[in-house]
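First to last, the protein sequences are chains A and B. Here my numbering = 1-based position in the first sequence + 256. Here my numbering = 1-based position in the second sequence + 256.
A few of these clues could be false.
Which copy is meant is left open, so a pair is good if it fits within one copy or across any two.
Unchecked claim - BS3-like cross-link-like pairs, simulated, lysine-lysine; straight-line CA separation at most 27 angstroms:
no.	residue 1	residue 2
1	Lys-275	Lys-260
2	Lys-261	Lys-304
3	Lys-513	Lys-559
4	Lys-622	Lys-473
Derived from the structure by calculation, the hints contain no laboratory data.
Number of protein chains: 2
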Amino acid sequence: MYIKKQRLLTPGPTPLLPKALHAMMGSDIHHRTDDFRNIYRSVLADLKEVMGTANDVLALVASGTGAMEASVSNLFSPGDRVIVCVAGKFGERWAEIVKAFGLDAVVLQEDYGKSVSAQRVADALKANPNARGVFAQASETSTGAQHDVRAMGQAIQKTGAIFVVDAITGLGTMPLDIDGWGLDVVIGGSQKAFMIPPGMAFMSISPKAWTFGETSKLPRYYFNLKKEKKNAANGESSWTPATALLLALAEALKYVKTLGMDKLVQNAQQLAAATRSAVTALGLELFAPQSPCSAVTSVCPPKGMDSGVIVKEYRDRFGSIIANGQGSMKGQIFRIAHLGYFDFADVFALIAELEIILAANGVPVKFGTGVAAVQNAYAEVALAKETVTA
Amino acid sequence: MYIKKQRLLTPGPTPLLPKALHAMMGSDIHHRTDDFRNIYRSVLADLKEVMGTANDVLALVASGTGAMEASVSNLFSPGDRVIVCVAGKFGERWAEIVKAFGLDAVVLQEDYGKSVSAQRVADALKANPNARGVFAQASETSTGAQHDVRAMGQAIQKTGAIFVVDAITGLGTMPLDIDGWGLDVVIGGSQKAFMIPPGMAFMSISPKAWTFGETSKLPRYYFNLKKEKKNAANGESSWTPATALLLALAEALKYVKTLGMDKLVQNAQQLAAATRSAVTALGLELFAPQSPCSAVTSVCPPKGMDSGVIVKEYRDRFGSIIANGQGSMKGQIFRIAHLGYFDFADVFALIAELEIILAANGVPVKFGTGVAAVQNAYAEVALAKETVTA
């Protein structure tokens with residue numbers, strides 16, 4: 257028995273920014289006051305700034321899935337033809353939501369671990385000139401792959417369809433030029449790269465998407481984007497806001513702005529590259545080697561080993577909470593996250609722990625091999641060239 | 257620029273137990289109520305339990321130095337002959353305090369990094385049969401050496417002197433059989449192995465020490481141990497207690513009791529051994545190799561290098577706050593702590609970071625060498641023998 261600090265290191269909820277956590281203690285504040293209205297306005301303005309868009313940005317008291325539903329129920333009508341990219345559990349969620357609301361979905365299916373190509377989206381748009389929308393994940397957290405939403409956006413922009421992007425783990429882990437790439441709806445969640453607990457979602461909505469809202473005929477009440485937009489202009493939310501999370505988000509956004517959104521993205525990319533290099537050095541296979549996202553790295557366990565053993569040993573031996581595969585991927589992969597408040601120290605420890613777990617399970621490992629790969633990745637980005645002699 | 261989580265990893269203040277930190281939010285409580293009296297009583301009882309003594313245990317609103325002063329001002333009289341072991345900055349503090357209160361000190365000086373031997377204490381007692389007290393550090397945090405307080409206690413027990421032990425970083429990092437070894441006064445502090453912020457000290461006082469209190473002629477008011485004892489029996493402190501810290505300590509003691517005080521000690525010992533093995537593998541020299549304590553490991557920087565560079569690069573590159581040498585040792589050593597809420601993941605990261613810092617400063621390092629030493633230390637204690645093939 258020895259001390260094991262419990263470290264939350266999953267791709268959501270992600271590690272919390274301490275200052276954001278502490279800010280939640282200020283939530284003895286009423287939401288229908290000018291004090292709070294100022295905070296609300298400033299959070300929405302900061303979100304807009306870090307998302308880098310001229311589109312409207314709204315916040316909802318919901319998990320990311322709530323915002324996904326809101327994009328469907330507010331912008332589409334029963335029978336609308338839509339194209340849905342499915343290459344993982346979250347792609348399947350898009351398919352389920354549009355089906356639940358009676359849309360007519362053309363599903364572009366791809367194997368788990370791979371990505372739906374922009375070419376397939378372009379082809380599908382040609383084959384379905386009446387398509388009103390395209391749904392995709394920027395980053396498919398369940399498999400660790402990412403979609404080329406830039407190329408997809410180029411194809412979609414020329415058509416009458418809008419592009420609805422689940423960027424819940426994409427925001428803060430990959431460049432997303434929302435306005436330049438024609439990402440009409442971009443959805444984020446509080447418990448991802450924004451470093452605060454779950455309970456809030458946000459979304460940007462383009463002028464093109466708003467025109468869809470004018471003709472949408474689906475029933476809605478709680479998720480009413482037009483109403484949210486009107487209230488947001490007055491520093492108000494339509495319903496009671498999650499005050500504690502708002503206060504936390506205000507602090508987290510301050511931190512992200514100081515760091516720079518581009519640096520937050522780069523941080524995730526660097527840690528993801530370091531992790532890929534480490535697990536490869538240890539002889540393990542990446543589950544999504546072709547187009548890996550930087551939110552999370554999915555790793556296949558050694559042949560014949562259940563990934564749950566690795567996840568459990570991470571927790572039992574070291575208190576490190578990492579993610580197993582989800583749904584049908586359970587036991588097939590383990591996932592090391594990078595989105596938001598993660599740093600090199602996390603990766604040094606996670607890889608040193610992985611080496612021990614492998615050794616404890618009879619996998620031949622030379623201790624330090626994976627860690628050295630992470631150190632070399634650090635040296636690559638942060639040591640002057642002449643000092644990288646090690 | 258990349259994310260650097262600020263991690264407090266110094267030998268005090270030490271990393272905070274999250275549950276203890278959160279408990280401080282409950283400090284909208286008045287201290288002269290039965291609710292608080294129950295907490296106060298229970299904290300003192302738990303302290304007594306984890307310290308493993310039948311002696312009285314009292315708490316003070318003060319840093320550890322306050323309790324050091326209290327032991328002098330409450331138990332001695334001007335002109336009393338005392339023996340003071342000095343092998344570092346905290347030993348010097350004992351010498352300063354007894355001087356400030358007019359005691360007649362025989363100082364047993366030893367080089368920094370070494371320890372005053374029990375034999376020297378025994379000899380000094382023989383040479384000074386009128387000695388009323390012996391003062392020493394269990395663990396001398398400024399150099400990383402420890403004293404053999406067990407052997408010292410054996411020599412002192414037979415005499416009329418009492419043994420006053422600064423165990424501020426000794427408690428929770430080394431076995432201390434307070435009653436069996438004749439440690440008459442044992443002093444601890446909140447911000448050490450007890451995992452909470454600074455602001456509280458505590459001390460155990462033996463029956464033999466209490467008899468000294470009867471004849472002590474030094475002026476005192478705030479630090480009045482007899483008065484504290486009387487009030488403590490009623491669940492009260494003499495003056496306003498640090499309620500937030502008390503609530504935090506209650507949680508921390510719950511944690512320590514669940515872990516087991518012996519396991520807390522073992523944890524520090526294991527991390528210290530792993531750290532010594534790692535820095536040695538990296539070709540660095542230990543500052544106190546002969547009798548290293550487990551509270552902190554003092555390491556000499558490579559020849560010609562100021563340890564402040566290492567401390568600064570730990571902070572600037574990785575957000576890891578470690579300690580430089582104190583006083584005259586500044587620039588001569590850097591100190592990696594192990595006391596309290598530290599775990600192997602901390603050490604994996606700290607050593608990986610050290611390797612990078614050395615490389616960045618032109619010291620030849622094979623990345624992973626030190627980390628592998630830590631991993632082997634982990635394997636030694638936590639992997640079944642047959643699996644240690646790595």
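Hint-by-hint comparison with the structure:
no. : hint              : verdict
1   : Lys-275 / Lys-260 : both (23 angstroms within a copy, 14 angstroms between copies)
2   : Lys-261 / Lys-304 : between (36 angstroms within a copy, 25 angstroms between copies)
3   : Lys-513 / Lys-559 : neither (43 angstroms within a copy, 41 angstroms between copies)
4   : Lys-622 / Lys-473 : neither (62 angstroms within a copy, 65 angstroms between copies)
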